[in-house]
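Residue numbers (this note's numbering), protein chains in the order written: chain Z, 1 to 413; chain P, 1 to 158.
Bear in mind the hints are in silico, worked out from the structure with no lab data behind them.
The structure presented is a predicted model; accordingly, all values stated were derived computationally and were not measured.
Careful: at least some of the hints might be erroneous.
[To be verified] Some residues of chain Z that are not near chain P, with every Cβ distance over 12 Å (derived): (1) S86; (2) V122; (3) V165; (4) P292; (5) E296; (6) V318; (7) R335; (8) S370; (9) Q371; (10) E383; (11) D397; (12) G413.
[Stated by the list, open to error] Output of the computed footprint for chain Z on chain P, the stretches with three or more beta carbons under 8 Å from beta carbons of chain Z: (13) 37–45; (14) 138–147.
[What the hints assert, rightly or not] Here chain P is said to cover these stretches of chain Z; the calculated rule only asks that three of the stretch's residues, wherever they fall, bring their Cβ under 8 Å from a Cβ of chain P: (15) 51–63; (16) 71–80; (17) 244–251.
Beta carbons: idealized from backbone N, C-alpha and C, even for Gly.
Chain residues, written in single-letter form:
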Amino acid sequence: MQNEREFGFSTRALHAGTPPDPATGARAMPIYQTAAYVFGSTEQAAELFALRSYGHIYSRISNPTVAAFEERIASLEGGLGAIACSSGLAAQLCTVLSLAQAGDHLVCAQTVYGGTVTQLSVTVKRMGIETAFLPPDGFDAIRAAIGPSTRLLFVETIGNPSGVVADLRALATIAHDAGIPLVVDNTFATPFLCRPIEHGADIVLHSATKFINGHGTAIGGVLVEAGTFPWRGGRFPLLSQPSPGYHQKVFTETFGEYAFLMRARAEVLRDIGAQMSPMDAWLHLLGLETLPLRMERHVRNAAAIVAFLEASPDVAWVRPPQLGSIFTFGLRGGRDAARQFIDALELWSHLANVGDSKSLVIHPASTTHSQLSNEELLRAGVEPESIRLSVGLEDPDDLIWDLRNAMRAAASG
Amino acid sequence: MILATTAQVRDLLRAVRTIAMVGASANPLRPSFTVFSYLRRQPEYEVTPINPRLERIDAIPAFPTLKAYAGACGVPDVVDVFRRPSELVSVVNEAIAVGVPAIWFQYGVVNDDATALADAAGMAVVVDRCMKVEHARFCGGLSTSGLNSGVITSRRRS
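Bound-form chain Z, shown alone (with noise of 0.2 Å):
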């Protein structure tokens, strides 16, 4: 008998989204490794593709294992539902299509991971939507940015690398005043350490193959809708007028409250074809059981390392996590020392990924954020010599021995 108990985080990690398989009994989540379900009937496939009642039809739309990580992750950052997608990239380019259309505008931080940058200002422009990017602490200039045609205003919580914590609140009292979602990428907090719909965002994204997978196994993306959000207003035709792509459908009125949701999958994800794998999933699920634990050792272990340089005389500069495990530092030797010092790193894997229970180390100037220019990049926070590093839950003091000893590499030249 359900009662109205809230459970806390832990238990819902392990929880939410896989009661035992109604078909089987599994108490673990059986990777459902299927493409397609049989109908019962004929009457019942008709009642499925009108969307008049619940049930899979075909794994591009929905899967019983990736429903299930779907709803784990809803339940952690306190959202009305998910929707998974092949990458973070995928789970964002689903959402600006869900709200946005050849003519309409975005606003988004400028601080945002390169990949999200060249997505926004590349192939998103070329499909006629034009994205504005603007320093996230800059109030007044996102409230002029902010148009008529405007859909949405993207921001990452803790800018990757610069590290930088946005105001949610403040932004998400911009957005709303303006008449348009928030929508915030929370991948290097994990709903452990911020839950950004706490906070008055609308829809929340994350890159699953970080913090979320934690074992770098494997690529996925997800986002989270609060279903707080009015779309029956008229600022959201895709969501309020009848739909071309469903029967004339009119998402607002048939679903309430979960409009978005159902568009973006019934329609969206149905046509760019950017789905989870229900294999991918099931590691993703397993990954999140642990998130609370790894994020406690992860912000842990990145205090000992920032201690350990910032009392390193080779150091020129550290930017500690203002929240998190992820954290960018300069050598005294500039933009060569960091590539001796990297190239010297015995257990830090040099690798393009954070998040991972291993600790990872990259060079953003001349990887990660390579397709920016100088100017986008120091607009990014990214200085030429930056070394971004990713703590995992090794014992801090092997990681401070291979710092060290890397240090010393780079200094000898």
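Please arrange chain P on chain Z, whose structure you already have, making use of the hints.
This is chain P only, laid out in the frame that chain Z set:
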């Protein structure tokens, strides 16, 4: 009594058997048709359309008024309402006259006077929720769509 919590709404849905749907439509584009189609396929419910302009929906006979339905079939356990907000007070008055114990106002079907009237008459009242969605929350439907059902359990669903 206005049912505000999900558990109260669930208990109502478990208690009712006969549903009179005021404003049910035969037009597949209308939300009321979607909800009618879903509910009438649930084995625990008997759903009847109330609409003076229709003879039947999907071969299920419609009644012109709640009074006519009650006269033929008895008092329904709940009235599910799909009408314009301006017409809700008269719907509630009709429900009171028949002695309906519970009334459910669907998404956007909101009129504060009608809600207060039903509440004062002792009815269980649900406002601005969808009967299809709330039913699906506890029988696994929402979970198939990645929606947050709020259900946490280690018991196997029977």
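These are the hints, each one checked on the structure:
no.	hint	result
1	S86	holds (15 Å)
2	V122	holds (30 Å)
3	V165	holds (26 Å)
4	P292	holds (16 Å)
5	E296	holds (22 Å)
6	V318	holds (39 Å)
7	R335	holds (45 Å)
8	S370	holds (35 Å)
9	Q371	holds (32 Å)
10	E383	holds (40 Å)
11	D397	holds (39 Å)
12	G413	holds (54 Å)
13	37–45	holds (count 3)
14	138–147	holds (count 9)
15	51–63	holds (count 7)
16	71–80	holds (count 5)
17	244–251	holds (count 4)
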